[in-house]
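Here is how the chains run, residue by residue.
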Amino acid sequence: MGSDFLLRRIHSITGIVPVGLFLIYHLYTQLYLHHGAEVYNQQVNGYYDSPLAILALVIFVYIPLIFHSVYGLKISSSLANPSEIKATQEYKYFSNLLYWLQRLSGVGVFLFVVAHLANAQIIPLMNGEWGAHYEHLQGGFLNPSSGWLTLTVYILGITGAAFHLGNGISTFCMTWGIALTPLSQKMVRTCGIGVFFVLVLSGYYSISVFWLN
Amino acid sequence: MAEKTITIQIKRQDSRDSSSYWQTFEIPYKPNSNVISCLMDIRRNPVTKEGKQVPPVIWECNCLEEVCGACTMVINGRVRQSCSALIDTLAQPVRLQPMSKFPVVRDLAVDRSRMFENLKKVKAWMQVDGYHDLGPGAKVPETNQGIAYKLSECMTCGCCMEACPQFSLNNNFIGAAPISQARLFNMNPVGKFIAEQRLQPLMEAGGIGDCGNAQNCVEACPKSIPLTESIAEMSKQVSVQMFKNIFQKRS
Amino acid sequence: MSKQRVIVIGGGLAGLAATMKIAEQGMQVLLVSFLPVKRSHSVCAQGGINGAVNIKGEGDSPDIHFYDTVKGGDFLGHQPLCKDMCYNGPFVIHLMDRLGVTFNRTPEGNLDFRRFGGTLHHRTAFAGATTGQQLLYALDEQVRRLEVEGIVEKMEWHEYLGAILNDEGRCVGAVIHNLRSGEIVSERGDAVVLATGGPGLVYGRSTNSAVCTGTATTSAYLQGAKYGNGEFIQIHPSAIPGHDKLRLMSESARGEGGRVWVPRKPGDNRPPKQIPDNERYYFLEERYPLFGNLVPRDVGSREIYDVCINGGLGVGGENKVYLDLTHHSREHLNRRLGGILEIYEKFTGVDPRENPMEIFPAVHYSMGGIWTDYERTEEGLINHESPRNQSTSLTGLYAAGEADYQYHGANRLGANSLLSCIYTGLMMGPGVVNYVKNVDQAAEDIPSSVFEKAVQEKKERFDQIKAMKGKENPYALHHELGELMIANVLIVRENDKLEKTLDVINEYEERWNNVECVDTQVWTNPVPSYINQLYNMIQLSKIITKGAMLRNEFRGAHYKPEFDLNQPKDFKPETYLEYYEQKQNGKVNEDSFTPEHMEYMKRFEANNDKWLKSSIAQFKNGQPDITYEEVDTSLVTPRPRKYD
Numbered sequence: 034m035g036s037d038f039l040l041r042r043i044h045s046i047t048g049i050v051p052v053g054l055f056l057i058y059h060l061y062t063q064l065y066l067h068h069g070a071e072v073y074n075q076q077v078n079g080y081y082d083s084p085l086a087i088l089a090l091v092i093f094v095y096i097p098l099i100f101h102s103v104y105g106l107k108i109s110s111s112l113a114n115p116s117e118i119k120a121t122q123e124y125k126y127f128s129n130l131l132y133w134l135q136r137l138s139g140v141g142v143f144l145f146v147v148a149h150l151a152n153a154q155i156i157p158l159m160n161g162e163w164g165a166h167y168e169h170l171q172g173g174f175l176n177p178s179s180g181w182l183t184l185t186v187y188i189l190g191i192t193g194a195a196f197h198l199g200n201g202i203s204t205f206c207m208t209w210g211i212a213l214t215p216l217s218q219k220m221v222r223t224c225g226i227g228v229f230f231v232l233v234l235s236g237y238y239s240i241s242v243f244w245l246n
Numbered sequence: 003m004a005e006k007t008i009t010i011q012i013k014r015q016d017s018r019d020s021s022s023y024w025q026t027f028e029i030p031y032k033p034n035s036n037v038i039s040c041l042m043d044i045r046r047n048p049v050t051k052e053g054k055q056v057p058p059v060i061w062e063c064n065c066l067e068e069v070c071g072a073c074t075m076v077i078n079g080r081v082r083q084s085c086s087a088l089i090d091t092l093a094q095p096v097r098l099q100p101m102s103k104f105p106v107v108r109d110l111a112v113d114r115s116r117m118f119e120n121l122k123k124v125k126a127w128m129q130v131d132g133y134h135d136l137g138p139g140a141k142v143p144e145t146n147q148g149i150a151y152k153l154s155e156c157m158t159c160g161c162c163m164e165a166c167p168q169f170s171l172n173n174n175f176i177g178a179a180p181i182s183q184a185r186l187f188n189m190n191p192v193g194k195f196i197a198e199q200r201l202q203p204l205m206e207a208g209g210i211g212d213c214g215n216a217q218n219c220v221e222a223c224p225k226s227i228p229l230t231e232s233i234a235e236m237s238k239q240v241s242v243q244m245f246k247n248i249f250q251k252r253s
Numbered sequence: 003m004s005k006q007r008v009i010v011i012g013g014g015l016a017g018l019a020a021t022m023k024i025a026e027q028g029m030q031v032l033l034v035s036f037l038p039v040k041r042s043h044s045v046c047a048q049g050g051i052n053g054a055v056n057i058k059g060e061g062d063s064p065d066i067h068f069y070d071t072v073k074g075g076d077f078l079g080h081q082p083l084c085k086d087m088c089y090n091g092p093f094v095i096h097l098m099d100r101l102g103v104t105f106n107r108t109p110e111g112n113l114d115f116r117r118f119g120g121t122l123h124h125r126t127a128f129a130g131a132t133t134g135q136q137l138l139y140a141l142d143e144q145v146r147r148l149e150v151e152g153i154v155e156k157m158e159w160h161e162y163l164g165a166i167l168n169d170e171g172r173c174v175g176a177v178i179h180n181l182r183s184g185e186i187v188s189e190r191g192d193a194v195v196l197a198t199g200g201p202g203l204v205y206g207r208s209t210n211s212a213v214c215t216g217t218a219t220t221s222a223y224l225q226g227a228k229y230g231n232g233e234f235i236q237i238h239p240s241a242i243p244g245h246d247k248l249r250l251m252s253e254s255a256r257g258e259g260g261r262v263w264v265p266r267k268p269g270d271n272r273p274p275k276q277i278p279d280n281e282r283y284y285f286l287e288e289r290y291p292l293f294g295n296l297v298p299r300d301v302g303s304r305e306i307y308d309v310c311i312n313g314g315l316g317v318g319g320e321n322k323v324y325l326d327l328t329h330h331s332r333e334h335l336n337r338r339l340g341g342i343l344e345i346y347e348k349f350t351g352v353d354p355r356e357n358p359m360e361i362f363p364a365v366h367y368s369m370g371g372i373w374t375d376y377e378r379t380e381e382g383l384i385n386h387e388s389p390r391n392q393s394t395s396l397t398g399l400y401a402a403g404e405a406d407y408q409y410h411g412a413n414r415l416g417a418n419s420l421l422s423c424i425y426t427g428l429m430m431g432p433g434v435v436n437y438v439k440n441v442d443q444a445a446e447d448i449p450s451s452v453f454e455k456a457v458q459e460k461k462e463r464f465d466q467i468k469a470m471k472g473k474e475n476p477y478a479l480h481h482e483l484g485e486l487m488i489a490n491v492l493i494v495r496e497n498d499k500l501e502k503t504l505d506v507i508n509e510y511e512e513r514w515n516n517v518e519c520v521d522t523q524v525w526t527n528p529v530p531s532y533i534n535q536l537y538n539m540i541q542l543s544k545i546i547t548k549g550a551m552l553r554n555e556f557r558g559a560h561y562k563p564e565f566d567l568n569q570p571k572d573f574k575p576e577t578y579l580e581y582y583e584q585k586q587n588g589k590v591n592e593d594s595f596t597p598e599h600m601e602y603m604k605r606f607e608a609n610n611d612k613w614l615k616s617s618i619a620q621f622k623n624g625q626p627d628i629t630y631e632e633v634d635t636s637l638v639t640p641r642p643r644k645y646d
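Protein chains in written order, with the working numbering: chain Y, 34 to 246; chain A, 3 to 253; chain U, 3 to 646.
Bound-form chain Y, shown alone (with noise of 0.2 Å):
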């Protein structure tokens, strides 16, 4: 058995484990945001509480994550040929559509998780106002000269991280040999679509909150 084959495997459970259901959980915090400032502060700040909060976020969600991105990101840089690629394009199939996006999806999350970080974490500390965080992403997301762009990376943030969960729930049941038939590869693909637009719009409800309010 190759570290490599291991390697696939870590990186295809880190997906759902931890880092897709994070992903889920993550996802519902943000709904809380419907009860405006005081009940969303609380929520993300009581987290906190636990003595041992940010060992389990760097062990739980910092490095699968890490793991899961640069792995991706190796995977998905080894297909450097272009012709080879082109010669692929061919074949214009619903899966082999889902194939390119799943991989432009993983590289477009990457970079949204650091901006995404930079923008909720690390600035707001640096600032020293982390924990309001309610007021840091309606300023961010109202601010008349920068809003548009911010709400923008969000809304392909949450698109692309949607879709590389729900996506990433099918080729995991392939990849675990979970989903055996054709019909039930058909099922679990439609699961994921689900899990798609229930996690879309729950992302897309959330940061909404900010106008509606």
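For the record, the hints were derived by calculation from the structure and aren't laboratory data.
Keep in mind that the hints are not guaranteed to be accurate.
Unchecked claim - Have a look at the derived ranges for each label pair, beta carbon to beta carbon:
no., chain 1, residue 1, chain 2, residue 2, range
1, Y, Ile188, A, Phe195, 51 to 57 Å
2, Y, Lys125, A, Asp135, 50 to 56 Å
3, A, Arg46, U, Ala444, 42 to 48 Å
4, A, Ile196, U, Asp169, 46 to 52 Å
Claimed, not checked - Sample of chain A residues at the chain Y side, in silico, Cβ under 10 Å:
no., residue
5, Val49
6, Asp90
7, Gln94
8, Pro95
9, Asn172
10, Asn173
11, Leu204
12, Glu206
13, Ala207
14, Asp212
15, Ser237
The structure displayed is predicted, hence computed values, not measured ones.
Just so it is clear, CB atoms sit at the ideal spot from N, CA and C, and this is done for glycine as well.
Following the hints, position chains A and U against chain Y.
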């Protein structure tokens, strides 16, 4: 009225390392032609559209009825067997290119020995005791035979690999066909005795882990072999094997 | 003695089986193939492989299989070989099953068997309708395994150019042409096995694959080996007409109940499904009530030819008849015949599950081939240890599979070819090894000058070919040869036409000198090799044509109307056996037979005395010199064939 013709553009290459170039040929139309019968017509009179005498085009073929796999090439952008590519169903000019995932030997002929080497890796054979009379083989249920027969139709043509975005001239991915062959032998009542030996190579670099689920293989397969089902089945088997390797290790 | 090895030329069923069996005995094998062995012509075999396993409880036995085989071959087959082959049929099928062939199964999980032509039993094991492919792959897999184990070495993309003979005329190696680099080299081998298949390409278009030029066997003939029964070319009744190839429509289509018919009214242009049953002429069923659509191939082809050419009843006025499977359900057809129906659909665009197929006979198989020897036992079987088995007339040079000549007589039964290929490959193994172990001097120890000389000869030959600057395109000349052979040496053979054909072939030989080597590049240039093959095909076409011209009788696939013995309609083969027995006992009571029958039997006997012999061609003064040799018919008395 001008005589009806067939126009064929061919990507040619004189040797392994030389650069490629295109030539166009125009031949009289015949009903029910296929790409090979056109290449044969060109061979009998190898003159380009511009009237230049050139060496006949080199391509591989043998059975001409889509069971040997030899005449695989990229026709109008899609990989397939040229014998069963009927001219009447193709847009003209018909563009012929060698497969891009295997080294070109000359013109449309490529070197597909990588596929046969990969069959060695997964021990795609029965480990029998000898070729003498050892009586009848094991009984096999009809349903299993149906699945196995489909898998055994693989002619190692390489379509699944040409269409696969993960399979490259520059990597060592094993590709769909040998994975499917491993499944075929692992489902045989006697073949499964060495199932584990077929799984280990699939768990090495370039093994089944490199599959990216683009699923072009199953679409490109001229024999409609359920390759994605094979990949999923073998994924299951290697998943189980992985845990065995980790938790049932003996020193 | 130095390390020894055997060279096997050809990677089809026979070559792979021989490789396997020889290697199993610890002997190194060098396997040389024109193309990757997995692409060999054996993949085209569709219907199945015969063996009297008697799964259906019909009382089938190897003896009945043996009888059907020699009767099917019009008694020209060598009976001990045929018998041994049929006795080994069940073993071969069980072995292939053990090697992983995905044979169709019965509900109980046993091997399933279907019916085929020339027999009344379910005797043909099958894997869908691509049995040859599955059998070939199973052997290919074993040879790959032996390759990994280091006992077999494979040289693919290499062409055999000729045997290397030492001073005593013993074969000690082969001249091999690398089809990529263009190099010509010698390979030492203590025995060389030619398993190079048939010569269908002599006819241009046939059911054969692009490599079936018969060039390897012809080169053995040109080196002095005897060539047997060249004129016996099987015309398969059902093929799909095409420009590049006449694709086979397997006999299994009829084995699974396919019915052959034409509209009763000439030029009836209605779509086939609109023609009611009583306006359809199921001519095989009407003419042969007992065997119906499953008459042997020679009979089937002749009848189709007769209905189309003489009767003018071909579909739409063309040379085509219907092969109809539409009375079966789609599911049933897909399960039992999927592969071939897909081929038909892919190449014609018509769904044969909905519409009758349109077919016509085509050149399919050569019963003839390189002459080979055998050693029989008292019981009329074969001594498998004998080095004589499958040996050609050149010591150390062996032949197997379609390349040999002695199993199928004047007509091969369907599904016997796969059996004969695998059987010969396996059967000859021990004998070849015995031969190799007993040679005086290992090939390795023979002075290199012998090999250098042979290579030099071939190099000069190829240099001459590459320098050819004539006006003829070799591919176009081949096309002409094929059309000539199809027009004159096919189902119906007439002496005046054959004579003219032979003259034209000799002209072609002249014209061959005037071909142009249209590609002079060194790397991967098939043209010089093709020009050489064309020369050999011209020589082979002479063997076929001259053999056909000289054989003044009607036997099996060799049909000369002029010499038809005109079997009386009411004649029964048993009558002849009665007569024969009386004769053996010393006195024939002529009164116990009708005069018409009596006369026929006398004609039959006289004809057999003269012609029940193998024709043997030898290359003399640039032409085939044809003589005749006795056939071992000691086990089953030759008798008139009858299938109705």
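Hints breached by this structure: 5, 6, 7 and 8
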